[in-house]
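There are 2 protein chains.
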Amino acid sequence: MEKSCISVFLLLVAVSYALAKDFTSKNDGKRDTKEVKETKPRLPQTLSRGWGDNLVWIQTYEEALFRAKNGNKPIMIIHHLEDCPHSQALKKVFAEHKEIQKMAEKFVLLNLVYETTDKNLSPDGQYVPRVLFIDPSLTVRADITGRYSNRLYAYEPSDISLLYSNMQKALKLLKTEL
Amino acid sequence: MEKSCISVFLLLVAVSYALAKDFTSKNDGKRDTKEVKETKPRLPQTLSRGWGDNLVWIQTYEEALFRAKNGNKPIMIIHHLEDCPHSQALKKVFAEHKEIQKMAEKFVLLNLVYETTDKNLSPDGQYVPRVLFIDPSLTVRADITGRYSNRLYAYEPSDISLLYSNMQKALKLLKTEL
Numbered sequence: 002m003e004k005s006c007i008s009v010f011l012l013l014v015a016v017s018y019a020l021a022k023d024f025t026s027k028n029d030g031k032r033d034t035k036e037v038k039e040t041k042p043r044l045p046q047t048l049s050r051g052w053g054d055n056l057v058w059i060q061t062y063e064e065a066l067f068r069a070k071n072g073n074k075p076i077m078i079i080h081h082l083e084d085c086p087h088s089q090a091l092k093k094v095f096a097e098h099k100e101i102q103k104m105a106e107k108f109v110l111l112n113l114v115y116e117t118t119d120k121n122l123s124p125d126g127q128y129v130p131r132v133l134f135i136d137p138s139l140t141v142r143a144d145i146t147g148r149y150s151n152r153l154y155a156y157e158p159s160d161i162s163l164l165y166s167n168m169q170k171a172l173k174l175l176k177t178e179l
Numbered sequence: 002m003e004k005s006c007i008s009v010f011l012l013l014v015a016v017s018y019a020l021a022k023d024f025t026s027k028n029d030g031k032r033d034t035k036e037v038k039e040t041k042p043r044l045p046q047t048l049s050r051g052w053g054d055n056l057v058w059i060q061t062y063e064e065a066l067f068r069a070k071n072g073n074k075p076i077m078i079i080h081h082l083e084d085c086p087h088s089q090a091l092k093k094v095f096a097e098h099k100e101i102q103k104m105a106e107k108f109v110l111l112n113l114v115y116e117t118t119d120k121n122l123s124p125d126g127q128y129v130p131r132v133l134f135i136d137p138s139l140t141v142r143a144d145i146t147g148r149y150s151n152r153l154y155a156y157e158p159s160d161i162s163l164l165y166s167n168m169q170k171a172l173k174l175l176k177t178e179l
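Protein chains in written order, with the numbering used here: chain D, 2 to 179; chain X, 2 to 179.
Just chain D, with the same shape it has in the complex:
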């Protein structure tokens, strides 16, 4: 019996495990069981998760990086949680904001309920909601921040105009290839 042991991923998982612990206790195990045991048919899970059903959402971070580089488009990554009221509130205004939805088309879009292993995506820690931009040169735009000094990449619903102008900022690419 041939087995390919993916020991490198054991390490990754160990790291994720440590990082994702409190996230998990809130969310993971419980939800999994609950959803599987539901007997009524339910709506299929979407990639948009309500952040804009008419937009194209990318499934994975790696794919987003590839598409950003390839298509010379910045990435917008939204970290959120389904059962976090702050995330839900931001999502509502984000999804209903026509200009934002329109401008979002210019981005490679990713929303994640699970942290990646890339520490560059948590310049000041892991929290939700957290919105980060990545330039097509694959540089995290740590300079594009919200208004809270303790959580630089957090936005409240009342900050939606700031988020809009930050999206404009992110569209001005750091390096433009001709």
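Simulated from the structure, these hints should not be mistaken for lab results. Check before you lean on any hint, since a few could be wrong.
Unchecked claim - Computed beta-carbon distance windows for the label pairs:
#: 1; chain 1: X; residue 1: Asp144; chain 2: D; residue 2: Gly72; range: 36 to 42 Å
#: 2; chain 1: X; residue 1: Leu44; chain 2: D; residue 2: Lys173; range: 30 to 36 Å
#: 3; chain 1: D; residue 1: Glu106; chain 2: X; residue 2: Lys103; range: 37 to 43 Å
#: 4; chain 1: X; residue 1: Pro124; chain 2: D; residue 2: Lys99; range: 37 to 43 Å
#: 5; chain 1: D; residue 1: Gly51; chain 2: X; residue 2: Gly126; range: 35 to 41 Å
We put the beta carbon where it would ideally sit given N, CA and C, even for glycine.
Mind docking chain X on chain D? Use the hints.
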């Protein structure tokens, strides 16, 4: 302006780029543009992508690894493409097969239209459709194969019973923790 350059991912992306080239030419760039430019509202993209809308599908490989280890459940990974007729045909019988859909609940489920950077997921190359199992000990079950010697992890619609028995095989874990 503070920038965190994610150079390690440049390498990853370079690798993915080389590996994903023919995949891309079929799929990526073109589809992206097309979807964004559609004017009619369309159904939101789903995580199931039609492989079983009532099942819980995991978004990313890292999350799947974490959940497998944590929940002591094997992973079932389906690599496929939306515009590949073989993938579509297998998907149809998979989604309509009641016993398979039922048994699938026992797995951490992932369907991917984009290759990961983990070479253990392509023991005999990258092709679609390709179905792999991973034990909760995070060992790729390279021993669980279909009937084609040139593409060990490919299944035709007529192989659906073999896929079903392979799922049963994968549920017999390599190591059971007490």
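Hint by hint, which ones does this structure get wrong, listed from lowest number up? 4
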